[in-house]
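Protein sequences, first through last, are from chains G and X. So for the first sequence, my numbering puts the first residue at 26; every next one is plus one. So for the second sequence, my numbering puts the first residue at 26; every next one is plus one.
No wet-lab data here; the hints were simulated from the structure. Any given hint could turn out to be false.
It does not matter which identical chain is used: a pair holds within one copy or between any two.
Stated by the list, open to error - Straight-line C-alpha distance at most 20 Å; calculated DMTMM-like pairs for lysine to aspartate or glutamate:
#1 K332 <-> E182
#2 K58 <-> E133
#3 K189 <-> D314
#4 K58 <-> E91
#5 K332 <-> E133
#6 K58 <-> E192
#7 K189 <-> D145
#8 K81 <-> D256
#9 K137 <-> D30
#10 K124 <-> E229
#11 K189 <-> D149
#12 K58 <-> E182
#13 K124 <-> D145
#14 K189 <-> D301
#15 K332 <-> D31
#16 K332 <-> E257
#17 K137 <-> D33
#18 K137 <-> E91
#19 K49 <-> E163
#20 K332 <-> D203
#21 K81 <-> D327
#22 K332 <-> D301
#23 K137 <-> E192
#24 K58 <-> D88
Please read all numbers here as calculations on a predicted model, not as lab measurements.
Protein chains: 2
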Amino acid sequence: MQEHDDIDILVSEVGPRDGLQSIKAIMPLAAKKAWIAAEAAAGVREIEVGSFVPPKLLPQMADTAELVAYARSIPGLVVAALVPNYRGAENAIRAGAHKISLPLSASESHSKANLRRTHDQVIDEVRQITAFIRSLPEAERPGFDGNISTAFGCTIEGAVPEAKVVELARRLMEAGVDGVGLSDTTGYANPAQLRRLVRLVRAEIGTENLSGVHLHNTRGLGLANALAALDEGITTLDSSLGGLGGCPYAPGASGNIVTEDLVFMLDAMGLRTGIDLDRLLTVRQILRDALPGEALYGFTPDAGLPKGYAGGGWGVGPG
Amino acid sequence: MQEHDDIDILVSEVGPRDGLQSIKAIMPLAAKKAWIAAEAAAGVREIEVGSFVPPKLLPQMADTAELVAYARSIPGLVVAALVPNYRGAENAIRAGAHKISLPLSASESHSKANLRRTHDQVIDEVRQITAFIRSLPEAERPGFDGNISTAFGCTIEGAVPEAKVVELARRLMEAGVDGVGLSDTTGYANPAQLRRLVRLVRAEIGTENLSGVHLHNTRGLGLANALAALDEGITTLDSSLGGLGGCPYAPGASGNIVTEDLVFMLDAMGLRTGIDLDRLLTVRQILRDALPGEALYGFTPDAGLPKGYAGGGWGVGPG
Chain G
26 MQEHDDIDIL VSEVGPRDGL QSIKAIMPLA AKKAWIAAEA AAGVREIEVG
76 SFVPPKLLPQ MADTAELVAY ARSIPGLVVA ALVPNYRGAE NAIRAGAHKI
126 SLPLSASESH SKANLRRTHD QVIDEVRQIT AFIRSLPEAE RPGFDGNIST
176 AFGCTIEGAV PEAKVVELAR RLMEAGVDGV GLSDTTGYAN PAQLRRLVRL
226 VRAEIGTENL SGVHLHNTRG LGLANALAAL DEGITTLDSS LGGLGGCPYA
276 PGASGNIVTE DLVFMLDAMG LRTGIDLDRL LTVRQILRDA LPGEALYGFT
326 PDAGLPKGYA GGGWGVGPG
Chain X
26 MQEHDDIDIL VSEVGPRDGL QSIKAIMPLA AKKAWIAAEA AAGVREIEVG
76 SFVPPKLLPQ MADTAELVAY ARSIPGLVVA ALVPNYRGAE NAIRAGAHKI
126 SLPLSASESH SKANLRRTHD QVIDEVRQIT AFIRSLPEAE RPGFDGNIST
176 AFGCTIEGAV PEAKVVELAR RLMEAGVDGV GLSDTTGYAN PAQLRRLVRL
226 VRAEIGTENL SGVHLHNTRG LGLANALAAL DEGITTLDSS LGGLGGCPYA
276 PGASGNIVTE DLVFMLDAMG LRTGIDLDRL LTVRQILRDA LPGEALYGFT
326 PDAGLPKGYA GGGWGVGPG
């Protein structure tokens, strides 16, 4: 958060990656650019613009290198990208991503199904990536996070041992990542579990090395989990505009927590995000236009802001 | 909570009142009975079965006296009813409600629009009701709560002074109610505001006299607010099965927090509600059948429970 002294919480928009990779439709490059530009103009400081995966696997992400180049032209925006492996990391760094993150699934069954790799193989790949990053001139080195997916449970294995998550966090740090994030990929997390796991992981790797969580709203608990994370001092929260992407395993169920509702919550609580809520709420129209018929989530966009809402807290003081 | 030693949190189902009064369709009496019976069988301990308002104003509630009589036949169920005034309280007590609650809007404009009474007039009515209750033999006296509606903001006035809410809580206690609840009628609340207001009100009237909150999910913050309430030691939470009723002022926006998602959150956190989640999830079908086309909310019913979920906490221990 050192780059963002004027905000309390960094809302990292992941819709162009996690949202778009979860739907069948391919959003045209121009619409992706318009989305990214509009969110940045609303004050969003970090956007995960795509994933460096083979286009054969995820054609929705085929233009990620172009998007990174475009997003880098927006002043002040941190351009993030997901990388599944060493090759993806090379491509992301070549494209100029400021920050890359690699998912490591706490569930080994999920890791094999998703990344086709065992834990050991993923950790090896992380070591190769950090070695490559360290071989670069300092100015060209991206930030590099490891994200532990299925950290709160897995659709294949069910419950995931907390000790396994703690162990993987330690191994990721040892392999050279700058920090570790926890992802509720399956929407299984609850606030008590989140608090417990954040504390356990921080006790192992240090408080400052776990700064972010990636939450889904699959069972409606997304913002409650976000609140629990805030209570633990987490300062980076991923979210997706319009909750785009839903949950491919559960028709009708929401995917990522919704940027609009998250920012309303943070702003109403008096936490500074740097984001203009009114402007943010207008960005949704870009998704509606570019992805007709695609389900969008979130309640604040439908209900509107409270009467007389002026931002920067609600209900404080004499009223 | 003295009647409920075996649970940590009392989930008070308000759908038959707050849900049904907010939709145009009138649910047949038989379906209402089936709903109440099914929720009670799933372990729900308290249900607000209706409102004692003139049938001319709310024809959806015309059968409330019959429902109270029916619900009283279910062993162990606390039968609650809303009363807008003295006359409603008399009818509710005559029908045999175990518990009655009267709304007092923190916003006087809202009070005049909704109850057609000023604050002073409502407080007078509360005094008359408590006098009437005290005139009854002890075994026939219902519990009597005052619920401060629009406590977190009003669609007419906007922000509501916290000092006004505190003052009204004191005046309600002075007028003889057993306890005070806070209602986020408009879905304006955020977790920071909720914590602050709960503390302020409790400092005025005593911790034990504010045990419950009534939350809406209009802007998606419902369960985050519920979590904040739990953190403050609140032990009674209102909710509505399927979030029935939505928000009449905001098409597409959810109304009450959803019983299914709330109970999943509480249960996953290891808090005892006495409710069997699997059985609870089947009750929704009664609403679908009796109210075809009516929007239902909630994510857990669509997504299902986590793989291997056995209730009574999730993610604790070795996994």
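Comparing the hints with the structure gives:
Taking identical chains as interchangeable, the C-alpha atoms of K332 and E182 lie at most 20 Å apart only when they sit on different chains, with a minimum of 8 Å there against 46 Å within one chain. For a Cα distance limit of 20 Å, the shortest separation of K58 from E133 qualifies neither inside one copy, at 36 Å, nor across copies, at 48 Å. In this homomeric assembly, K189 and D314 never come within 20 Å of each other (Cα to Cα): the closest approach is 43 Å inside a single copy and 45 Å across copies. For the identical chains of this complex, K58 and E91 are intra-copy neighbours only, at 10 Å inside a copy versus 60 Å across copies, given an alpha-carbon limit of 20 Å.
For a Cα distance limit of 20 Å, the shortest separation of K332 from E133 across copies, 16 Å, qualifies, whereas the shortest one inside one copy, 49 Å, does not. Taking identical chains as interchangeable, the C-alpha atoms of K58 and E192 are never at most 20 Å apart, the minima being 39 Å within one chain and 52 Å between chains. Taking the shortest Cα distances, K189 and D145 sit within 20 Å of each other inside one copy (13 Å), while across copies they are farther apart (61 Å). When the C-alpha separation of K81 and D256 is checked against a cutoff of 20 Å, the pair qualifies neither within a copy, at 41 Å, nor between copies, at 48 Å.
Taking identical chains as interchangeable, the C-alpha atoms of K137 and D30 are never at most 20 Å apart, the minima being 40 Å within one chain and 47 Å between chains. Taking CA atoms no more than 20 Å apart as the test, K124 paired with E229 passes in neither setting, with 24 Å inside one copy and 50 Å between copies. Taking the shortest alpha-carbon separations for K189 and D149, only the intra-copy value of 17 Å comes in at or below 20 Å, while the best inter-copy value is 61 Å. For the homomeric pair K58 and E182, neither the shortest alpha-carbon distance inside one copy (38 Å) nor that between copies (40 Å) is at most 20 Å.
Proximity of K124 and D145 under a CA criterion of 20 Å is satisfied in neither setting, with 23 Å inside one chain copy and 60 Å between copies. With identical chains, the CA atoms of K189 and D301 are never at most 20 Å apart, being 40 Å at best within one copy and 30 Å at best between copies. In this homomeric assembly, K332 and D31 never come within 20 Å of each other (Cα to Cα): the closest approach is 27 Å inside a single copy and 42 Å across copies. When the C-alpha separation of K332 and E257 is checked against a cutoff of 20 Å, the pair qualifies neither within a copy, at 31 Å, nor between copies, at 27 Å.
Taking the shortest alpha-carbon separations for K137 and D33, neither the intra-copy value of 37 Å nor the inter-copy value of 40 Å comes in at or below 20 Å. In this assembly of identical chains, the alpha carbons of K137 and E91 never lie at most 20 Å apart, being 29 Å within a copy and 59 Å across copies at closest. Within a single copy, K49 and E163 get their C-alpha atoms no closer than 39 Å, and across copies no closer than 65 Å, so neither meets the 20 Å cut-off. In this homomeric assembly, K332 and D203 never come within 20 Å of each other (Cα to Cα): the closest approach is 43 Å inside a single copy and 32 Å across copies.
In this assembly of identical chains, the alpha carbons of K81 and D327 never lie at most 20 Å apart, being 37 Å within a copy and 31 Å across copies at closest. Proximity of K332 and D301 under a CA criterion of 20 Å is satisfied intra-copy only: 17 Å inside one chain copy versus 39 Å between copies. In the homo-oligomer, the alpha carbons of K137 and E192 lie at most 20 Å apart inside one protomer (18 Å), although the nearest pairing across protomers, at 60 Å, exceeds that limit. When the C-alpha separation of K58 and D88 is checked against a cutoff of 20 Å, the pair qualifies only within one copy, where the shortest distance is 11 Å, while the shortest distance between copies is 57 Å.
The structure is inconsistent with the numbered hints 2, 3, 6, 8, 9, 10, 12, 13, 14, 15, 16, 17, 18, 19, 20, 21, although it conforms to all the rest.
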